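4 protein chains.
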Amino acid sequence: MAEVRRVGMLTGGGDAPGLNGVIRAVTVKCIEDYGYEVVGIKRGWKGLLAPEEDSVQKLTVDDVRYILDEGGTVLLSSRTNPYKKEGDAEKVVKNMQEFGIDALVAIGGDDTLGVASRLHKDFGVQIVGCPKTIDNDLSGTDTCFGYDTAVSIATEALDRIRTTARSHERILVVEIMGRHAGWITYGAGLAGAANVTLIPEVEPDLDAIADLFKKRAERGEKWGVVAVSEGVTIGEEYITQTAERDEFGHIRLGGIAETLAKELKERTGIDTRHVVLGHLQRGGTPTAYDRILSTRYGIRAAEAVKNGEWGKMVALRGSDIVTVSLEEATGETRTVPEDLYDVLKTFFG
Amino acid sequence: MAEVRRVGMLTGGGDAPGLNGVIRAVTVKCIEDYGYEVVGIKRGWKGLLAPEEDSVQKLTVDDVRYILDEGGTVLLSSRTNPYKKEGDAEKVVKNMQEFGIDALVAIGGDDTLGVASRLHKDFGVQIVGCPKTIDNDLSGTDTCFGYDTAVSIATEALDRIRTTARSHERILVVEIMGRHAGWITYGAGLAGAANVTLIPEVEPDLDAIADLFKKRAERGEKWGVVAVSEGVTIGEEYITQTAERDEFGHIRLGGIAETLAKELKERTGIDTRHVVLGHLQRGGTPTAYDRILSTRYGIRAAEAVKNGEWGKMVALRGSDIVTVSLEEATGETRTVPEDLYDVLKTFFG
Amino acid sequence: MAEVRRVGMLTGGGDAPGLNGVIRAVTVKCIEDYGYEVVGIKRGWKGLLAPEEDSVQKLTVDDVRYILDEGGTVLLSSRTNPYKKEGDAEKVVKNMQEFGIDALVAIGGDDTLGVASRLHKDFGVQIVGCPKTIDNDLSGTDTCFGYDTAVSIATEALDRIRTTARSHERILVVEIMGRHAGWITYGAGLAGAANVTLIPEVEPDLDAIADLFKKRAERGEKWGVVAVSEGVTIGEEYITQTAERDEFGHIRLGGIAETLAKELKERTGIDTRHVVLGHLQRGGTPTAYDRILSTRYGIRAAEAVKNGEWGKMVALRGSDIVTVSLEEATGETRTVPEDLYDVLKTFFG
Amino acid sequence: MAEVRRVGMLTGGGDAPGLNGVIRAVTVKCIEDYGYEVVGIKRGWKGLLAPEEDSVQKLTVDDVRYILDEGGTVLLSSRTNPYKKEGDAEKVVKNMQEFGIDALVAIGGDDTLGVASRLHKDFGVQIVGCPKTIDNDLSGTDTCFGYDTAVSIATEALDRIRTTARSHERILVVEIMGRHAGWITYGAGLAGAANVTLIPEVEPDLDAIADLFKKRAERGEKWGVVAVSEGVTIGEEYITQTAERDEFGHIRLGGIAETLAKELKERTGIDTRHVVLGHLQRGGTPTAYDRILSTRYGIRAAEAVKNGEWGKMVALRGSDIVTVSLEEATGETRTVPEDLYDVLKTFFG
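Chains as they are written, first to last, in this note's numbering: chain A, 1 to 349; chain B, 1 to 349; chain C, 1 to 349; chain D, 1 to 349.
The hints are simulated quantities; they were obtained by calculation from the structure and are not laboratory data. Hints are supplied without guarantee of correctness; some may be wrong.
Straight-line Cα separation of at most 20 Å, DMTMM-like style, residue types lysine to aspartate or glutamate; simulated pairs [as the list claims (entries may be wrong)]:
| no. | chain 1 | residue 1 | chain 2 | residue 2 |
| --- | --- | --- | --- | --- |
| 1 | D | 306 | B | 88 |
| 2 | C | 345 | C | 207 |
| 3 | A | 222 | B | 339 |
| 4 | B | 58 | B | 32 |
| 5 | D | 215 | C | 201 |
| 6 | B | 306 | B | 70 |
| 7 | C | 345 | C | 111 |
| 8 | D | 214 | B | 32 |
| 9 | D | 215 | B | 62 |
| 10 | C | 91 | C | 70 |
| 11 | B | 345 | D | 63 |
| 12 | D | 215 | B | 33 |
Covered stretches of chain C, going by a simulated chain A footprint (3 or more residues, C-beta under 8 Å) [stated by the list, open to error]:
| no. | segment |
| --- | --- |
| 13 | 46-54 |
| 14 | 63-71 |
| 15 | 146-153 |
| 16 | 187-194 |
| 17 | 223-234 |
| 18 | 288-295 |
| 19 | 313-323 |
These figures come from a predicted structure and were not determined experimentally. A virtual CB, placed ideally from N, CA and C, is assigned to each residue, including glycine.
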């Protein structure tokens with residue numbers, strides 16, 4: 001193992017509140033406790049593959065002291081993957097050497113960490129991973145920073161929307177992040193007391209949902225809130241039958257929330273509307289929970305560098321931060337298990 | 001003037017945070033200080049035009065004591081207008097008499113208050129109006145409850161979105177309420193430090209906006225946030241040239257934010273996304289400002305009933321709550337004046 | 001085991017955001033899935049020891065459907081302990097029988113659950129416990145609802161206070177809950193980026209803290225924020241030497257924050273002030289995290305009733321909700337371990 | 001009038017959320033629209049009276065673009081008053097000349113603006129004032145930035161505290177800013193639905209307040225929330241009769257909230273507690289309202305510099321930002337008028 005003097009750090013993939021917490025903790029721990037130099041690499045792997053003038057810059061404790069409550073990532077991000085094109089991985093390794101980077105902390109999701117794992121395996125790069133998934137779907141860790149913030153934002157949205165749904169006697173369908181795993185929708189639907197919550201893991205039964213709202217209407221509650229993951233799909237036959245044409249004669253198609261709203265209106269006769277939370281869920285100051293978790297990740301990642309735990313990734317197991325093999329930790333999507341969804345179904349109605 | 005013993009109250013049109021503040025204040029003041037009985041009428045004019053079993057119910061101080069921080073309206077709302085069909089206004093007047101309602105407090109926007117004004121004029125109904133416009137576009141009052149809350153929500157959204165736009169080096173276009181008047185977008189764009197803010201009052205110059213973002217990119221800020229009112233329009237030629245076809249071959253058309261995002265991407269080469277805040281802006285607990293304003297409105301409305309100021313509407317003038325003629329106060333849309341928009345333009349860039 | 005038809009439920013001790021989440025989940029699950037009747041018992045053990053007219057009341061699904069986002073407890077609370085006076089425990093058991101309560105869900109801290117454990121042991125009462133500790137110091141569970149909310153509130157306070165401390169070049173000392181365990185202060189001090197965080201588990205070194213602030217001042221940062229648990233103690237010699245006399249000649253003594261502020265001022269020459277968060281940390285709407293955890297607790301408690309897991313308590317272990325023996329789970333205070341406090345110390349300065 | 005090339009700006013007195021909004025607007029407007037140079041003066045008048053190395057620094061648009069949502073003041077503040085010591089005012093004027101500052105924007109309260117007024121009158125300094133009073137008690141303007149934020153924070157505190165007061169059947173007394181004028185307490189007490197609100201303008205009747213809580217208790221509401229300004233005083237006889245002695249035998253005296261809590265407990269028999277919000281009310285991100293108002297103030301102040309409106313202060317009148325004479329605008333405290341307090345009293349109970 002080569003001695004570590006200069007540690008590089010990068011963030012890749014979609015941003016998640018808490019990234020700056022990791023960056024801050026790695027920087028402070030490496031500098032203050034271990035005497036390393038720390039350099040920030042801009043725009044994920046892109047900053048090492050095709051470095052521009054600002055791509056590699058020294059980070060000081062003063063640079064990061066008060067970034068804990070900032071959303072996004074001060075290192076910027078990209079989706080560049082050096083294993084997509086022959087020869088790119090070699091370039092990354094060569095540039096690391098040219099910048100004198102002895103060890104690398106790579107913060108990102110499955111894609112970013114997959115690259116990290118291969119760089120370690122293929123070239124012996126001294127690398128430590130830190131998981132980042134706002135969707136909470138990485139199999140190698142119990143949970144991840146960003147998730148709690150996203151659930152909080154979506155929950156607050158459901159809280160707000162409930163009052164307007166009730167006042168106007170409408171059904172409001174709220175589209176929440178989650179293409180393959182329904183974790184954010186699950187959390188927000190539970191915490192935000194949605195009347196129905198739909199996740200990609202379970203096929204929705206539109207007739208049953210319509211019945212539920214009809215029953216609510218019968219007992220005087222002619223309104224409701226539906227939380228639905230963006231990744232939920234319903235059969236194509238539903239889509240065409242309610243298509244509307246705009247002023248140019250084109251069929252107007254929307255996402256799942258819009259489609260679902262139309263279907264529920266048709267089946268229940270209750271006025272329905274939809275909202276898509278979208279990018280609102282990504283940005284902004286992290287919750288206290290995410291600040292703490294990201295800080296603990298960062299501290300442990302710095303320790304892993306000190307210990308030479310190359311090819312490992314920090315992870316939460318119960319209440320502990322541990323390290324696990326990057327290779328084993330990535331590649332699988334963790335979905336919402338049936339028993340948790342059952343908890344939610346208790347409150348449908 | 002007929003003696004007042006029982007006061008009715010209703011809310012009409014779109015809901016706005018603060019409605020419950022008015023309801024609470026009218027109820028408490030009328031009962032505790034004047035000894036009136038107060039009845040709540042459900043679903044706006046609909047509750048008087050076609051009363052159902054639950055349409056007219058007594059309100060007590062205990063019913064309303066702690067509703068000040070609740071969004072929506074405990075009296076529910078509708079867009080029913082008894083002047084749309086011959087004979088309906090008469091039915092409303094007759095039902096008021098049958099329910100023994102001597103005076104009416106009507107809380108709503110231009111439509112609801114227009115009905116109130118005519119009922120007073122045509123039938124001598126003892127009526128007092130309270131303005132409600134989340135859009136801040138009623139000409140009869142300086143501002144109205146609900147507006148501050150809507151601006152606060154949209155501002156927080158812009159705050160959040162800025163960090164993700166910057167981290168991913170994207171332009172994010174945020175669609176904010178306001179079909180005819182740009183007040184909410186104006187307030188949020190200013191408070192949320194949007195790089196560009198577009199309102200219906202001023203035609204947007206897409207080339208100038210694109211230039212602005214190109215200049216930002218040249219100085220290293222390859223990202224930005226645009227706040228745009230839903231009512232902003234751009235020429236049809238823009239729309240067709242960037243149309244995308246979905247998997248069914250249909251042209252996918254969206255609102256102004258989506259269209260604008262595509263146009264800016266084409267003109268700047270910077271990745272762009274959009275978010276539509278929609279119903280998020282309506283619901284939820286009112287800000288302290290809106291709780292205070294709505295309470296002051298409600299107190300003054302009760303005083304107006306006591307004083308027999310029929311055909312009048314409460315209004316804010318400077319720091320004072322006054323009453324103005326319903327007839328004169330309604331019918332005109334107040335838009336964002338040029339000098340205020342100029343303040344905003346100082347910060348474009 | 002006696003068949004269960006009517007389930008009683010009570011909350012004891014200090015309130016914690018999330019109590020209503022447990023109440024709601026137990027009620028809905030017991031009624032909808034198991035067909036039990038559920039009765040709420042007011043004011044903890046007091047409601048069974050000395051029942052008043054309103055002490056035992058039926059709970060319906062409609063009663064609890066929308067209480068998830070409300071702070072406090074709809075069942076009210078008290079600190080009554082029927083094991084403090086001879087014969088009281090027997091009265092509780094007798095009253096349970098008179099009210100026809102076959103099984104009891106007791107939600108509370110060490111004191112409440114200790115009673116539950118003994119009632120089960122001494123009289124065979126069919127009882128299930130649910131832990132509640134805003135202080136996060138119950139040894140039987142990984143964490144508890146209320147804690148995340150308290151940390152969030154205190155973190156937001158530290159965020160706010162930082163800007164005013166910096167603008168006025170002051171040290172601000174913030175007193176946070178925690179008499180015996182420093183968990184809330186630990187979490188908030190970490191998430192709120194306090195310059196120093198003090199917890200009851202570790203004796204503070206005032207000279208070292210003063211030195212830290214002097215060093216900050218030397219590099220131009222003549223300000224700072226200290227997070228301190230209410231339970232932190234410093235030697236009496238400190239107290240007297242800085243005592244001030246008020247206009248009546250009495251010595252003015254305060255809590256730890258006030259005392260610490262005076263000491264730091266004397267040692268550093270920097271203007272210092274203090275704030276005591278106090279009851280602010282208890283109330284208000286729970287975070288999404290606490291809503292989810294409390295709901296999962298409630299569901300599992302209802303299942304425990306169904307399963308006849310008497311004398312057990314629900315608990316979080318890793319990501320799972322399990323049941324553990326009430327007897328073993330209570331009686332020990334869980335404090336902040338040294339390695340976690342070390343994470344925090346990395347950021348002192 | 002000397003031509004303006006370089007504009008200085010300073011902030012004095014207690015900080016108020018929104019100060020950075022003024023600083024940003026003055027800087028951007030002066031540079032972008034008028035081509036002035038802008039320099040920030042650190043620590044109010046102290047920065048001109050006894051300048052240190054960092055006291056006068058150039059401000060660029062980039063320095064201020066994203067400070068709108070930050071609490072505090074990037075220019076720091078002090079309470080230095082150059083009219084307290086002979087010869088100091090002359091030093092300020094001389095230093096202004098040495099720094100080449102042709103015009104000065106002074107942002108502050110009565111004290112800071114009083115100095116500004118005299119410097120203009122005594123030495124012809126080209127000065128424009130901007131009012132800052134979190135207490136809302138400056139007579140020259142309808143309202144001021146910072147006030148809305150302070151009211152919002154205190155309102156949220158009352159919202160939170162209500163749930164814990166109710167759950168524990170306690171009276172909670174909350175001490176809110178306001179030594180001479182009760183504006184913040186007035187706003188928060190109204191918006192936060194306090195059961196009783198006390199302001200310095202009106203002497204409290206403790207027996208009447210106790211009766212109110214006794215009546216509440218009789219109808220089953222054995223709890224309540226009192227909002228009280230720090231400046232409220234009650235007769236000394238109350239204080240001594242409930243004095244408690246600590247473990248050292250010293251009498252323990254607190255502020256008005258603590259004293260009031262003891263008195264109410266003695267008179268009602270209901271458990272009472274108190275909270276002092278203190279510095280919490282000053283810091284943190286400004287509300288959208290305060291961001292907008294402070295921006296409008298800053299723009300108008302820059303215009304006043306351009307127009308040579310020396311010796312004037314920007315002010316809000318109705319919906320308009322105007323300028324008024326500094327001399328006339330300062331020196332008087334604006335208190336809560338009786339009719340506004342009457343609105344509040346309607347809801348006592």
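Notebook entry, point to check: Do the alpha carbons of residue 306 (chain B) and residue 70 (chain B) lie within 20 Å of each other, as the hint requires?
Noted result: 27 Å, violated
Margin query: With the threshold set at 20 Å, check whether the alpha-carbon distance from residue 214 (chain D) to residue 32 (chain B) stays at or below it.
Written below: 18 Å, holds
Next item on the list: For the pair supplied as a hint, residue 215 (chain D) and residue 33 (chain B), confirm whether the alpha-carbon distance does not exceed 20 Å.
Entry: 18 Å, holds
Notebook entry, point to check: At a Cβ distance under 8 Å, does chain A reach at least three residues of the segment 46-54 of chain C?
Noted result: That given contact is violated, which follows from only 0 residues of the segment 46-54 of chain C lying within Cβ reach (below 8 Å) of chain A.
Check: Given the hinted pair residue 215 (chain D) and residue 62 (chain B), is their alpha-carbon gap at most 20 Å?
Finding: Holds, at roughly 14 Å.
Note to self: With the threshold set at 20 Å, check whether the alpha-carbon distance from residue 345 (chain C) to residue 111 (chain C) stays at or below it.
What the structure shows: 33 Å, violated
Check: Are there at least three residues in the segment 187-194 of chain C whose beta carbon sits under 8 Å from a beta carbon of chain A?
Finding: Held - the segment 187-194 of chain C has 6 residues with a Cβ nearer than 8 Å to chain A, which meets the minimum of three.
Next item on the list: Sort out whether residue 339 (chain B) lies within 20 Å of residue 222 (chain A), counting only the CA atoms.
Entry: Violated, at about 45 Å.
Check: Has the given pair, residue 306 (chain D) with residue 88 (chain B), been kept, meaning a C-alpha gap of at most 20 Å?
Finding: Violated, at roughly 60 Å.
Notebook entry, point to check: Taking 8 Å as the C-beta cutoff, is the stated coverage of the segment 223-234 of chain C by chain A satisfied by three or more residues?
Noted result: violated (count 0)
Check: Can the segment 146-153 of chain C be counted as covered by chain A under the rule of three residues or more with Cβ-Cβ separation shorter than 8 Å?
Finding: holds (count 3)
Next item on the list: Take the segment 63-71 of chain C, compare each residue's beta carbon with every beta carbon of chain A, and decide whether three or more fall closer than 8 Å.
Entry: With 4 residues closer than 8 Å to chain A, the segment 63-71 of chain C meets the three-residue bar; holds.
In this structure, the earlier hints numbered 1, 3, 5, 6, 7, 10, 13, 17 are contradicted, and the remaining ones agree with it.
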